[in-house]
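Colleague: Based on the hints, put chains B, C and D in the right spot on chain A.
Residue numbers (the UniProt record's numbering), protein chains in the order written: chain A, 1 to 301; chain B, 1 to 301; chain C, 1 to 301; chain D, 1 to 301.
A portion of the hints provided could be inaccurate.
[To be verified] Derived pair list, reagent style BS3-like, types lysine-lysine, alpha-carbon separation capped at 27 Å:
id, chain 1, residue 1, chain 2, residue 2
1, B, K142, A, K215
2, B, K232, A, K132
3, C, K208, D, K121
4, D, K279, B, K134
5, D, K279, C, K208
6, B, K131, A, K226
7, A, K208, A, K278
8, A, K134, B, K226
9, A, K208, B, K132
10, D, K58, C, K34
11, D, K215, C, K121
12, D, K226, C, K121
What the hints contain is simulated information worked out from the structure, not anything from laboratory work.
4 protein chains.
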Amino acid sequence: MEINGVFIEDTFAEAFPIWVSRVLITAATERLAKIAATEATGFGCSVIMCPAEAGIEKYVSPEETPDGRPGYIVEICHPKKSELEHQLLERLGQCVLTAPTTAVFDAMGEDADEQLKVGFKLKFFGDGYEKKDKVGERTVYKIPIMGGEFIVENKLGVKKGVAGGNFFIMADSNMTALTAAEAAIDAINTVEKTITPFPGGIVASGSKVGYTNPKYKFMVATTNHKMCPTLKGVVEDSEVPEDVNGVYEIVIDGVDEEAIKEATKAGILAATTVKGVKKITAGNYGGKLGKFQIKLRELFE
Amino acid sequence: MEINGVFIEDTFAEAFPIWVSRVLITAATERLAKIAATEATGFGCSVIMCPAEAGIEKYVSPEETPDGRPGYIVEICHPKKSELEHQLLERLGQCVLTAPTTAVFDAMGEDADEQLKVGFKLKFFGDGYEKKDKVGERTVYKIPIMGGEFIVENKLGVKKGVAGGNFFIMADSNMTALTAAEAAIDAINTVEKTITPFPGGIVASGSKVGYTNPKYKFMVATTNHKMCPTLKGVVEDSEVPEDVNGVYEIVIDGVDEEAIKEATKAGILAATTVKGVKKITAGNYGGKLGKFQIKLRELFE
Amino acid sequence: MEINGVFIEDTFAEAFPIWVSRVLITAATERLAKIAATEATGFGCSVIMCPAEAGIEKYVSPEETPDGRPGYIVEICHPKKSELEHQLLERLGQCVLTAPTTAVFDAMGEDADEQLKVGFKLKFFGDGYEKKDKVGERTVYKIPIMGGEFIVENKLGVKKGVAGGNFFIMADSNMTALTAAEAAIDAINTVEKTITPFPGGIVASGSKVGYTNPKYKFMVATTNHKMCPTLKGVVEDSEVPEDVNGVYEIVIDGVDEEAIKEATKAGILAATTVKGVKKITAGNYGGKLGKFQIKLRELFE
Amino acid sequence: MEINGVFIEDTFAEAFPIWVSRVLITAATERLAKIAATEATGFGCSVIMCPAEAGIEKYVSPEETPDGRPGYIVEICHPKKSELEHQLLERLGQCVLTAPTTAVFDAMGEDADEQLKVGFKLKFFGDGYEKKDKVGERTVYKIPIMGGEFIVENKLGVKKGVAGGNFFIMADSNMTALTAAEAAIDAINTVEKTITPFPGGIVASGSKVGYTNPKYKFMVATTNHKMCPTLKGVVEDSEVPEDVNGVYEIVIDGVDEEAIKEATKAGILAATTVKGVKKITAGNYGGKLGKFQIKLRELFE
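Pulled out of the complex, with its shape left as it was, chain A reads as follows:
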């Protein structure tokens, strides 16, 4: 199969369950909301070594938010629900409550499997000066701070979602692959209920489980040498085609499998508009580990 002249490999992305929260951060202006959302979702690429997987999902205009102010929806994810609650308390408590003019609302809505009392727990910061109130139908706490009041919704919904949706972009040069990856991210940024948690949404360094070098037995993950262009002529099992000199991966987390599929499709379509892209493939473990299989070609049938 080819899309815009780019070969789509007959393979699938293997993805895993993860607990997902979906939170709306509003502020006096779009810019202020983005500052808070960026800080709150930083250091959040992969739970392998980051305390959570996190990213900005999308901008929400003032017309669509509970308080009539601009905002960003962020998703924060963790395999364990209890750890996700910690992450919410820490990231919202340290990176949003402290940020100018912000408020926090649930954005999971009816998708939620469970409700975590995040606002209820953050309210104690108010030392008794906080007030329980309503914003529309939502129960919130208003906590006095130096910059006015921090408003946070009582409960935030969480859900068993999907982590590790992915595809790989292979291109004639490293910069072609990178530009195509950026185009993919631009497309995915308008797909609801998904995030791309890596820096700028893009993964420059793929990893494999374990090691091949017997001296490195202590490593649980090492570079995916088969996908490194500089090792094309060096390793025997290279999977980098002759005409490919750059490879980037897009990793997608999201609220449900449908959202991951839609994001994967939109991302691949956009990537193929960049001239010089040669091949799209995906990462999996033979279907042994992950619960979800996103078959690339089925997305376009």
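Modeller: For chains B, C and D alone, coordinates are given in the frame of chain A:
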């Protein structure tokens, strides 16, 4: 004392020792360097609930970097040296190694108290395909990744620095105080060897040690009710002047006390250029807890 | 009438006919499209002294563009149709054709009153090496350039639209008014078919027709002294309320009156969410000059 | 000659005299200064079809400006001094005076050949309510506006400078060439007294004088077909090497020849750090037209 017509309180900021790393992240373009630096320093406001205090110190032009590419110097800080090493391994390994086209170099140079073998430890990700090499006089490892090679310096210098430098901006309206805080951050951004780790550099919610509400005995820190404009007429011990309706704090970490002082001075000067700012003060614990005392008025004598 | 506690004056904005073009600029990535769109719409605040009124209307995701790439819709406006064609040729020819990876498509669609042969005229730059082609149903020219091919649609639709929609935000401090103006712009940015042509969408200096100072008879427009906070106690006819210290105006151009109304409403609503805003009013000439009257209170009935 | 493995052609850039102004725009915050500077320098690529050549030169920190606020230095250029004055009046009067919290100061200083009374002429907008005053040693006018006061220096220095400094980057893929061009711009952005007036600093479409197609005799300039990668196998006189698929040009204007040389050198050095760049060359007319010849190889000797 008045600066540009703004009252400077006769007080001091109380600051604490902290272990500081100072790392240069370069990339193919300034924009790509910033993406990596932002992700690596996110979720890094205060070690009270964040895993580190972290921020972007400054931009470095291609002419001034070891590899002739644009970059950003970041600082990552932790009270414990061993935890700082973990943070460096995690933040550089997950948020920079994975980011497109990046390289990592030591920027602490001769200021360092000790050297941590961060590059040496990250190199094992290369699964034996990494190469030891030189960039100028620096020993680096080149690790093959999908996006080419990730280059990381063998050792990164760390130093006992200073955390918690601070000052407060009080103004006629909340938005005046916030704009003045932004002006302060703009000024501090060009002061070397300092960062302002909170979102956008600005703290909207001051905290006090402990609680006053007897029902909240389990809280180790709560809102600094004395500094909340909305509690002016509510609490008896309010320290918010009658004509003040917005208060923001700037928190500064840095390599040494001199840098903190220079940043504090530059920040206060810039804040006072915004019309409507009424008063500058600072936070301390009566000099009982912190090793460093930055006296505001002495900065201008 | 009050909205969110802010007084809405019983007045109207007076607006004028203007020729409007609506053009989609796509590029390999959102960032590259924005660079071109920003350059093409610069120096475009008011036709009083700028060669056109111009601005970015909105972002369009790859899923919604003719070439599957991200883009921005811009509007470029001029009272004379022939001058608008010149402006299109100059701005698209100098600021978009020269910008990396761009393409230009009509975005006026069925709203158009007339078609201008802008692409047809730009194609001559191709020196005969250009090709006539199709993108979907659209007739385009592909012009060889150093960075590949510049693609431009044969004809661009123009329409008699509306210029000079406006409202004024008055607040307790200058920075409150400015922040409210930014919130208004954030809201208007998601209203289709409108732009706010001034810097950042905001006007800091209102003007009146003519002069009051008899020595300045040569001036056709001077500062609107009645609206200057610093002249509150100086001029007898000040219209700045006692509790107001900052005033900003939002000026809106657009494809039709309905769009201007929708933008005005969204902007006012957002502005009133910023605490300290006191009053919203609008600018008119008693209804003598402009064809359109946008009555503020009717928007909320 | 090779730099970082990239062939530097033995040729020169041919540049021309132009009248240059160098103006500092300050504002309450860096962000507000940038908004004004961007609008004021838009639609300013080439005087072939733009009303001026204009760009942002550099950021200036609050510590270094006359009013202690952050700012940007912009350069606005025109071959005719009288037209440059018009452009200054229009661009500063429409795009900076109208922008929130701005002030305008001369940044040409002792480099100036002449002084233009730009501030003096803009002051009449004040309708007699303006005040003559001093900021440090500088004579300024303070003009009341809705957002407070617009401050503008009485006279702005202009100088006979240099336009059309240039070099071309040729690379294996279009996106490699573009990324290298971005790296070049990052480097030039820290070279004082120069601007790169095209969108994002980069030129995607080179032009030649006149035409080759006899049907296009009415054209004074057409695409430089010799430098178009898509015409490599089509035209006989192609100058695009076999292994090159993307070409971008950097055009540099500046205060004097030394600044242009320094920028050219810094830009080329940065461009060669991007892997896949094959060749650097420059544009000239055989030395017949331009007064200045910037020889590429001499920059590195």
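Colleague: Which hint numbers doesn't this structure obey?
Modeller: Going through the list in order, the structure violates hint 5 alone and respects the others.
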